[in-house]
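Top line first, the protein sequences correspond to chains A and B. Numbered according to this note's numbering, the first sequence spans residues 1 to 231. Numbered according to this note's numbering, the second sequence spans residues 1001 to 1410.
In short, the hints are calculated from the structure, not lab data. Possibly wrong hints are sitting among the right ones.
The calculated lysine-lysine pairs, modelled on DSSO-like cross-linking and capped at a C-alpha distance of 27 Å, are [said to hold, decoys possible]:
# : chain 1 : residue 1 : chain 2 : residue 2
1 : B       : K1110     : B       : K1061
2 : B       : K1061     : A       : K8
3 : A       : K15       : B       : K1061
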Amino acid sequence: MLGTGILKGMAVTAKNFVGSYHDSEHPLTTSEYPEQRIAPKENARQFPFLVHDTEDAMKGLRCVACQICEKECPPQCIYIVKSKDKRADYKGQMQLYPVTFDIDLSVCMSCQICVEVCPFEAIKMDTEFELSNTDRFGGLLVNKHQLAKPNEHYRKIHPTEAAVSDASLAVEVAKAQAKAKADVEAKAKAAAEAKAKAEAAAAAGPIGTAPTAPAPKPTAPAAASAAPPAA
Amino acid sequence: MVELFAKLDQFPVTLKAWIMGVLQGFLPEWTLPLVSAAISITPILAVFPLMFALTTVIERKGLGRIQNRIGPNRVGIPLTDIRLWGFGQFIADGIKSLIKEDVVPRAADKVVHFLAPIALLIPVLLTYSVLPFGRNMVPLDLPQTGLLFFFAVGASTELSVFMAGWSSRNKYSLFGAMRAIAQMVSYEIPLILSSLTVVMITGTLSLTAIVQSQSGVHFGFLHNWHLFTPWGLVGFFLFLTAAAAEANRTPFDLPEAESEIIAGYFTEYSGFKFALFFLAEYLGLFAMCGLGITLFLGGWLPPLNIAPLTWIPSWCWFLGKLSALIVLFIWLRGTLPRLRTDQLMGFAWKFLLPMTLINLVVAALWYLLRDSLPLYARWPLCFAMLAVPYWLLGRGFEAKFTKREYRFAN
């Protein structure tokens, strides 16, 4: 009959109205924001930040100023200046570092492409959203000091992603260590062989030029033996 | 105790008489009618706009709760932590609309654009002058033409709406105005026809006399409200439906459908002119509710003629019934979606109009059978005469859901 639908609908809204005061079946879908905060979801992302590993944020930045993110950034909101000198990164490898690393948050569109292209796990998405500022130009242009955040922060906001990232970094470190070890062994072996040859040569006769030419030969198999763990 | 309540009941009347008595001493004779009118107008101008202000907050809070939100609860007293559950909101809104820039479109007809909100508010306020708010409390008692005056003045709001829509020189304003005209003209007929039943039964157009006619008592305690008769029951709901359409309330708020035509006829209004439209719309709704209360819900009479209820001042009963109807309209707004234009027109002409005509016939029958049939036979007979056409006419408006056939996808 005409009107029964209206009555049913009014019963539903009345139930919602009353239920909103008793939080059992119809909990309120909103919360009073500045006082009550909902824990951010793990998939949430706002703007990028730079990950660092050590106490001193500037020394421990993973970023090596390769500028891939700067080139890939669709709205071109990243600005990087490379350093002139090099320093050891987390693997102990000598790398450049960013002297300047700026992101203009008013331009950034939170696309996460910088994160996806970074080969060094150095830039990640943050969940910080309370970025309102009275200075719409300078206040939203953040430098590397403001961008640097420890890896613990990353683990806290995106635990699953951070575990994957940490694991891949650990593999890299292990690889580097294995390589370094292999290098050291190869060097030692080469040195030992060279020494043996030199001794043999010294025993055979005084031909001074002979040991220098065969010396690089043993290093090739050593490098090959280091290669399989890398693959 | 009873005398005290009786005094409280007549307090506005005695207060006015006292003020007039004092003023008579030193004011010239010819000013006295003007002063008397001003004193009568003051409570209307104070109470109903305040009620509008509170309704805006209550409506937002109620709709919020219906949608499982909290609603406004922040604005209280400025510079303190007192929030008053958000009831400072309307003051903030009022100040905001007062200090906002008044933007008038360059192509607008400036004079008409300026006059439209005023020409809308004045007739709406005039309708209040004939409503009896309490015992002996009617600003302008028109014994011959009360109801006619209400509808005549109320109908002139349509002109103001079209003034606003036309003078804005905006397609959305014009659309809104044309929708409003079509809707108001269509729904005015069922509105007036549903009220005519009361005039037929009581034989008077005076609203005070209509309230008095409902003061009879059934079974020793139940007041003789017109709502308790079959034609009154149906007539009241027909009246409410038509009143909602007249006041542009959901589900009949097509003239200001935000999703389609921004704000309809007052799209091009800003600042306090916008607030005036808003005010006029709500005051129009309150006036319609007030008329519905007067015609069907016994005006300022309590529902039961028993001691503690009759002690409560008559104007409290009126305002209480008005608040209840406002809550009902807020509830409806939270429940019903907006109709389509063709549904709106179809509903007015194919359902409301025949129902009101049948209701007129039934009311006449009710009156003619008053001596020949006892109440217990007359009531079900008249009710059945309304229920059957309701069912028959309503069949066409039920939602028809059939299983959808996807010929090519299957």
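Here is what the structure says about each hint:
At most 27 Å may separate the alpha-carbon atoms for a hinted pair to count; K1110 of chain B and K1061 of chain B exceed this at roughly 37 Å. Between K1061 of chain B and K8 of chain A the alpha-carbon distance is near 22 Å, which keeps this suggested pair within the 27 Å criterion. Only pairs whose Cα atoms come within 27 Å are accepted, and K15 of chain A paired with K1061 of chain B is accepted, the gap being roughly 15 Å.
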